[in-house]
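Heads up: the sequence shown at position 85 corresponds to 85 in this note's numbering, and the numbers run straight through without jumps.
A few of these clues could be false.
[Stated by the list, open to error] Here are the simulated EDC-like pairs of lysine to aspartate or glutamate, each with C-alpha atoms no more than 16 Å apart in a straight line:
1) K191 / E33
2) K104 / D120
3) K191 / E174
4) K122 / E8
5) K186 / E137
6) K39 / E105
Rather than coming from a laboratory, the hints here were simulated on the basis of the structure.
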Amino acid sequence: MNVKVKSEVNARNLVMWSLTEGQEGDTCDSAVEFGERLKNFSDTLTSNSQSAAADGVVVETFTGIGTGTLTLGLSDLIPDERKLIFGETVNEYTDGKVILTTGKEKIPCVRAALMTDRSDGKVNLYKFFKVKFTPGEKSVEQINESGQATFTTISISGTYFQCHSEKIDGLKAEAKCVDPSTENGKKFINKWFTEADYIGDNGDV
Numbered sequence: 001m002n003v004k005v006k007s008e009v010n011a012r013n014l015v016m017w018s019l020t021e022g023q024e025g026d027t028c029d030s031a032v033e034f035g036e037r038l039k040n041f042s043d044t045l046t047s048n049s050q051s052a053a054a055d056g057v058v059v060e061t062f063t064g065i066g067t068g069t070l071t072l073g074l075s076d077l078i079p080d081e082r083k084l085i086f087g088e089t090v091n092e093y094t095d096g097k098v099i100l101t102t103g104k105e106k107i108p109c110v111r112a113a114l115m116t117d118r119s120d121g122k123v124n125l126y127k128f129f130k131v132k133f134t135p136g137e138k139s140v141e142q143i144n145e146s147g148q149a150t151f152t153t154i155s156i157s158g159t160y161f162q163c164h165s166e167k168i169d170g171l172k173a174e175a176k177c178v179d180p181s182t183e184n185g186k187k188f189i190n191k192w193f194t195e196a197d198y199i200g201d202n203g204d205v
């Protein structure tokens, strides 16, 4: 059986929820939309391997998935988003907001969702259940003599962990080949980005 794999392009529609850890499970606040600022993303799962030896030889090996790394490229982060992601302080003044990085921040947990387009007109959806991001590199370039500009990209990288709640137990979820032109597909996509714990029900798509 030949399976045609469709390429993914256009990472977009980034949404995050503030996540609170509790003894009875993790809970999320309302969704925060990042607008049209997601440029790219990469996702890498990390495996853990252990071996047991006896009589000078390896007799047993175990390999499992431990955590993952989510890296996002963004055009910008506004002050309230930096507070959400990095736990920084935002001071409000008449003329605007000032971000204060004290060096004493406790990085909070967030839940993140995004989507990509497919070459067949459908979309893939991703949800990372429990992520801690750290600030990355930001560089600003000059406009050159030809008038060409290199636009700024802010890179943030986070480790995502096992999440345990009433409806979610795991690292992440991926919904492949969702058709945004159908009523069921539209409802599925809407719930994916508005309900933090939603990862699909039987018969949804």
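query = Honestly, which of those hints from before does the structure not fit?
reply = 2, 5 and 6
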